[in-house]
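Chains as they are written, first to last, in the working numbering: chain A, 1 to 383; chain B, 1001 to 1383.
Since the hints were derived computationally from the structure, they do not count as laboratory data. Quick reminder that beta carbons are idealized off the backbone N, C-alpha and C, glycines included. Warning: the hint list may mix true and false statements.
As the list claims (entries may be wrong) - The list that follows gives simulated cross-link-like pairs (lysine to any residue, SDA-like), each with its CA atoms no further than 20 Å apart: (1) K1254/B x M31/A; (2) K254/A x G1032/B; (3) K1167/B x V1144/B; (4) K1254/B x P65/A; (5) K35/A x K1167/B; (6) K1383/B x A1332/B; (7) K56/A x L1084/B; (8) K1254/B x E34/A; (9) K305/A x Q367/A; (10) K56/A x A1332/B; (11) K1035/B x K56/A; (12) K56/A x D1087/B; (13) K1255/B x M31/A; (14) K167/A x K193/A; (15) K105/A x D1087/B; (16) K1035/B x M170/A.
Unchecked claim - Computed footprint of chain A on chain B, listed as stretches where at least three residues anywhere in the stretch have a Cβ under 8 Å from a Cβ of chain A: (17) 1033 to 1039; (18) 1142 to 1154; (19) 1167 to 1173; (20) 1182 to 1194.
Number of protein chains: 2
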Amino acid sequence: MEISAIIKRNGKNGLPDKPEAGEKERNGLRMGWEKNVRNAVPYTPGEQPGGGNIIKLNTNENPYPPPPGVLEAVRNLEAAQYSLYPDPDAGALRQCLADYYGVEKERVFVGVGSDDVLALSFLTFFNGGRPVLFPDITYSFYDVWANLYGIPYRTVPLREDFTIDEKDYMCENGGIIFPNPNAPTGVLEPLDKIEAIVRANPNAVVIVDEAYIDFGGESALPLLDRYENLLLVRTFSKSRSLAGLRIGFALGSKKLIGYLQDVKFSFNSYTMNLPSLAAGAASIADEPYFREQLRKVTQVREWVKKELQALGFSGTDSRSNFVFVTHPKIPAKDLFLALREAGIYVRYFEKPRIDRYLRISIGTREQMHALLIFLKQYITERK
Amino acid sequence: MEISAIIKRNGKNGLPDKPEAGEKERNGLRMGWEKNVRNAVPYTPGEQPGGGNIIKLNTNENPYPPPPGVLEAVRNLEAAQYSLYPDPDAGALRQCLADYYGVEKERVFVGVGSDDVLALSFLTFFNGGRPVLFPDITYSFYDVWANLYGIPYRTVPLREDFTIDEKDYMCENGGIIFPNPNAPTGVLEPLDKIEAIVRANPNAVVIVDEAYIDFGGESALPLLDRYENLLLVRTFSKSRSLAGLRIGFALGSKKLIGYLQDVKFSFNSYTMNLPSLAAGAASIADEPYFREQLRKVTQVREWVKKELQALGFSGTDSRSNFVFVTHPKIPAKDLFLALREAGIYVRYFEKPRIDRYLRISIGTREQMHALLIFLKQYITERK
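Input sequences plus hints: build the corresponding full structure.
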């Protein structure tokens, strides 16, 4: 297979740009009205390059479309509905999720992607004076939210193998958050470790960010009935192929969800729009499609792991829809740039401890085949 | 016309419920993890009653559907797009708005309805120690946002005729916000008064909430080039018949919008979903439809004002898509409850200075006809 047949050079190069931010004077002296402005250093999302003929493996999207029922539900919305405010309570979607997970509706919260749910959770639950704890290698939005709201925090180093040492979280704190599986490593923590952390912290809310749990992890769902202070956050963006619709949710005790609802209704009454409410419910309705899609993604992931190993890569045993790999001879940044030049977008984090790694989302078998062919050729040429 | 033919009793009564809020212990002693929880007293949106056969004049929605191009744009979205994250920059929609208003894209911000834009603006711009100023009678979300973020504020009494005295805003403050036309009064302030306030406050951001400006008000748009500290906030929910899609935006200086973008990207990278981006651009594209729809709403409004006057009501000269009226003999709450019982939903605020008034959204001519028939009969029977 000719790489050029499926990969088109897009002429761009360099690391991802930061989102546009107007003219700033962060380091200068602020005068007049600017003195009252909040200092925010934003999160940098993965690139969303336009144009066709690229292979996009950089933001952990699902390579498969959502089930046909989702599009049908959105297309069936009528003009008269567009003019009216959506249900501020998002009642129907919350009930769908409640039924699916076997909990009451009052234990389900929905938001504009899991980022919205997490941003509001930081605002709601991390309002004490003690530092919030999260791993040093983790979803890079956590410190952004903490800084935005002025929440004190402390990052806790993961072990050398990127696993959590639960004893590190058994100390005074103002809250705890970590993803499981972790991002960008894909490392899955066992349920007993999570329970130990939750049990040891009755005075703090513990948030487990389960954005990737559907790809083969064991959810902390069974713990919810025993711990009032546990919040699980999920998303439709990865496993449910609905990144474009912006749907996230949280599961927790009635008390926890009640507090979150209060803050949500103090921020924006109507966050979920008509198409997202319709699409979310339709996604939940097609379980066989969902299962089949998950099977395909995890099957390709395991195959890709083996193929990368054959090319000399090593990495974590990711249980997510991405792999996290390093090559002993070629710097990750070189690989990132070469791939980008070839129209294959992966994610590279220029951060301590992980700057030798690439995070590569699991695409279709054809996309991953193209990636592997390119890497094989590139590695051979570098020798 | 038989009222019963178009109005169906829905069997409910009483004032609107507050949104569900779980089990709260606001006034009790908080223990354990609850000590770190933010105390939020949410905004109460107008009811979104389900079921047909009601006349909904309570949340200032547009009674007409959006133009056909909007539905077409949403229906044409393809399955493969649903799986991908939308453009985090919302570049295409921002460019549409920029072209429409004759400004650069970097002077346009978009959000999940104007509530999202306003919530983020409070967080961004009202970060000083001095109190933020807004009228005592105004959009009732302002104090909710201030309380949510712990922003000090002071409400400034409107004059007896519900107009602003600009001299009240010529003092030390941490920011200023007011709607123009005001809600729920519909009173429009002239441009020279707004300019006087903006000019007198170079050390504060002044936000003019122009949610209703399309219905016949003069926008402060011409002031934007002269005042770096002026932010105008708009919405697609009222004049553009897209309440269900959640689209709001702000216009301001590059510097102001840059700061707002920084906070937005520190909160949620992807706020605008695929259908809202598509619908927003399609709405802007059909100017003749937009103009015709505005003409219809304002024409019905002026007719309703006269008819209500004939029934003994008095009120403001509203320039919004609602009227704000009081009856000399019948308490507003009685009218509110009687209308509700008859399936006609209007808005009643049990607040000082305005508890004798009803805010009635402008529906179709047929809906308003039914309202007037009911009121005429009700007033006659009460005599």
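Do the hints match the structure? See the list:
1. A hinted pair counts as satisfied when its Cα atoms are at most 20 Å apart, and K1254/B with M31/A qualifies at roughly 16 Å.
2. At most 20 Å may separate the alpha-carbon atoms for a hinted pair to count; K254/A and G1032/B meet this at roughly 16 Å.
3. Pair hint K1167/B plus V1144/B does not hold up; C-alpha atoms about 25 Å apart against a cutoff of 20 Å.
4. Distance hint between K1254/B and P65/A is unfulfilled; the C-alpha atoms sit about 38 Å from each other, more than 20 Å.
5. Of the supplied pair hints, the one linking K35/A and K1167/B is violated, its CA atoms being roughly 23 Å apart against a limit of 20 Å.
6. With a C-alpha separation of about 15 Å, the suggested pair K1383/B and A1332/B falls inside the 20 Å cut-off, and the hint holds.
7. For the given pair, K56/A sits about 9 Å from L1084/B by alpha-carbon distance, which is consistent with the 20 Å threshold.
8. A hinted pair counts as satisfied when its Cα atoms are at most 20 Å apart, and K1254/B with E34/A qualifies at roughly 13 Å.
9. The hinted pair formed by K305/A and Q367/A meets the criterion: a straight-line CA distance of about 14 Å does not exceed 20 Å.
10. As the CA atoms of K56/A and A1332/B are separated by approximately 59 Å, the hinted pair breaks the 20 Å bound.
11. Distance hint between K1035/B and K56/A is unfulfilled; the C-alpha atoms sit about 44 Å from each other, more than 20 Å.
12. At most 20 Å may separate the alpha-carbon atoms for a hinted pair to count; K56/A and D1087/B meet this at roughly 14 Å.
13. Straight-line distance between C-alpha atoms of K1255/B and M31/A comes to about 13 Å, which keeps the hinted pair within the 20 Å bound.
14. A C-alpha spacing of about 10 Å is found between K167/A and K193/A, which places the hinted pair at or below 20 Å, so the restraint holds.
15. For the hint pairing K105/A with D1087/B, the CA-to-CA distance comes to about 32 Å; that exceeds 20 Å, so the pair is violated.
16. For the given pair, K1035/B sits about 18 Å from M170/A by alpha-carbon distance, which is consistent with the 20 Å threshold.
17. Requiring three or more residues with a Cβ within less than 8 Å of a Cβ of chain A, the coverage given for the segment 1033 to 1039 of chain B holds, as 6 such residues are present.
18. For the segment 1142 to 1154 of chain B, the stated coverage by chain A is satisfied: 4 residues place a CB nearer than 8 Å to a CB of that chain, which reaches the threshold of 3.
19. Check result for the segment 1167 to 1173 of chain B against chain A: violated, 0 residues qualifying (beta carbon to beta carbon below 8 Å, three or more required).
20. Counting residues of the segment 1182 to 1194 of chain B whose CB lies closer than 8 Å to any CB of chain A gives 0, so the stated coverage by that chain is violated, three being the minimum.
When each numbered hint is compared with the structure, violations occur for hints 3, 4, 5, 10, 11, 15, 19, 20.
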